[in-house]
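S.K.: Here is how the chains run, residue by residue.
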Amino acid sequence: MAFNQELEAITQAFSGHGVDEKSLIAVLGKWDPLERETYRKKTSHFFIEDHERQFQRWNDHCVRLLKHEFVRFKNAVVLWSMHPWERDARLAKEALKKGSISYGVLIEIACTRSSEELLGARKAYHSLFDHSIEEDVASHIHGNDRKLLVALVSAYRYEGTKVKDDTAKSEAKTLSNAIKNAQNKPIVEDDEVIRILATRSKLHLQAVYKHYKEISGKNLEEDLNDLRFKETVQCLCTPQVYFSKVLDAALKNDVNKNIKKSLTRVIVTRADIDMKEIKAEYNNLYGVSLPQKIEETAKGNYKDFLLTLIARGG
Amino acid sequence: MATLVTIKSSPVEDAEALQKAFKGWGTDEKSVITILGHRNVYQRQQIRKSYQEIYQEDILKRLESELSGDFERAVYRWMLEPADRDAVLANVAIKDGSKSYHVIIEIVSVLSPEEVLAMRRAYHNRYKHSLEEDLAAHTTGHLRQLLVGLVTSFRYGGAEINPKLAKTEADILHESIKEKKGNHEEAIRILTTRSKTQLLATFNRYRDDHGISITKKLLDNASDDFHKALHTTIRCINDHKKYYEKILRGALKRVGTDEDGLTRVVVTRAEKDLKDIKELYYKRNSVHLEDAVAKEISGDYKKFILTLLGKQD
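Protein sequence lines correspond, in order, to chains A and B. Residues 1 to 314 in this note's numbering are what the first sequence lists, from first letter to last. Residues 1001 to 1313 in this note's numbering are what the second sequence lists, from first letter to last.
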């Protein structure tokens, strides 16, 4: 390989999600001191040129960022080998600590897990953190989101097949009225909306979703203008669409670290559940296969690990 | 301590003896009482299983048709598996409306988190709905928040207490109770999410700071359904045996006994702490619970209740 190609390879090795360990070993490992100096001089986004003292030093911020990239594989492995209950409990705790930008993760956990899985997460939370998840959510979150989030993490939804269609129809109407009245009474303060979303079974909510479309011509989440409520409805009624969207947002090249983490989270938590359906939906929405997109954006061991997880079960 | 006197027996023999009691004209209630009144929960479930295997019939259905009135209701509830029983009690309470919500509060405050969970599962199986969805659909406002919060809680069960938090939250509760329009949401948050040990510490702190127990303070304000429910919640969490003694006292004193209350307390606590409740009753009323019961009710119902109270034949 010519030196310029090698430079490109190393730049690539350090970009995207994770790092390309093999290239770093093969190329960086063989460069002599002069080649490495050229690398430093030509990589201004990593190295700061100290003209006065005639050397180039690492940008500390970049070193910290790189640490995240190297550790991405380790984090994925640890998360994957965790018991699902511990996994969800830890993800919830982290989301609470990070603040409102991460509350979507709480909604994801509360709404896309089965009733028993959510219960297990709550038990694990007791064990790990000496508090119940609802007490922490309730005491950390103060604003409009509190009622909805506490209700969602506390739910133990019926999971059988019985659905009363009349009730679903009337609750779709209730939602429609609440949305139309949102100017006077914001959706976040509407106890009936929260009641329906937080207590009804998922099958029932899918019936409500269907009836809502018939009444108003639009999808329920399109008409809800509060982000949390939107996410709630997506997770409960169209989870594979939700996950595809999260993955797509994560699989871009210059995203912030929280969004980047969602790639690991979604793949690890869904690999045994509905990855096949998510792959199909992803392809449907974005016209490209998920494995291919990961091949393009992720690197090294991290990439291989993700692809292996996705490929399980066909 | 329990009041139930258990007698060892084979479930097959019991099933056969019960079948004999049912056969023919009328029922041999005495045998039903003697057998079922001396079997613990495990034995009763074994009897159900044996009866089903031998006679291809659910003994519950048989009991429903052979017995009647308060006696039938008591025996039926006694035979149900505890989680199922609690689910039935909860469903009846929801249908009865606000005068019966205290039953739901009672159940979820006294049971451990795992037992509440078992009840919620049994509710799914029986009613094809979750308990919280039915409860939420029948209630509104702060009462709904409190009740749904209570049934969906999965409290941490450890012994750790945070004294600073106890002080902060005792203050919050005080503020919330003081005025009619106090911050009820915070009071609900505290009561429905904190662990029981933490809440007890908070109630104690309240008493230390304000010289009066929080339950007595709430009595002044207990006018609407929400405040009544708040009051019941705190009393059940604080000292459920005292609470049950009060239920029994009320059930037996009223003109026209509240058989539902009497049955509920006896059937649900006979294998748990009815003995302690009996002692509290005696201390409070200078009359033994058995004597008070014997005075107010009659017939097979009386015989059955007395048996569960530990009366030896």
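Rather than coming from a laboratory, the hints here were simulated on the basis of the structure. Using N, Cα and C, we set each Cβ at its ideal position, and we do this for glycine too. Fair warning: there could be bad hints in the mix.
Said to hold, decoys possible - DMTMM-like, lysine to aspartate or glutamate: derived pairs with alpha carbons at most 20 angstroms apart:
(1) K22/A / E295/A
(2) K123/A / E1160/B
(3) K1020/B / E1081/B
(4) K1128/B / E295/A
Unchecked claim - From the derived model, a few chain A residues whose C-beta atoms are all more than 10 angstroms from chain B:
(5) W31
(6) E221
(7) N253
What the hints assert, rightly or not - Here are the in silico distance ranges between beta carbons for each label pair:
(8) E1072/B / G217/A: 52 to 58 angstroms
(9) H140/A / H1138/B: 27 to 33 angstroms
(10) D272/A / G1157/B: 27 to 33 angstroms
S.K.: Indicate, hint by hint, whether the structure satisfies it.
M.R.: Evaluated hints:
no. : hint                                 : result
1   : K22/A / E295/A                       : 15 angstroms, holds
2   : K123/A / E1160/B                     : 17 angstroms, holds
3   : K1020/B / E1081/B                    : 23 angstroms, violated
4   : K1128/B / E295/A                     : 45 angstroms, violated
5   : W31                                  : 55 angstroms, holds
6   : E221                                 : 21 angstroms, holds
7   : N253                                 : 41 angstroms, holds
8   : E1072/B / G217/A: 52 to 58 angstroms : 54 angstroms, holds
9   : H140/A / H1138/B: 27 to 33 angstroms : 30 angstroms, holds
10  : D272/A / G1157/B: 27 to 33 angstroms : 29 angstroms, holds
When held up to the earlier numbered hints, the structure conflicts with 3, 4 and fits the remainder.
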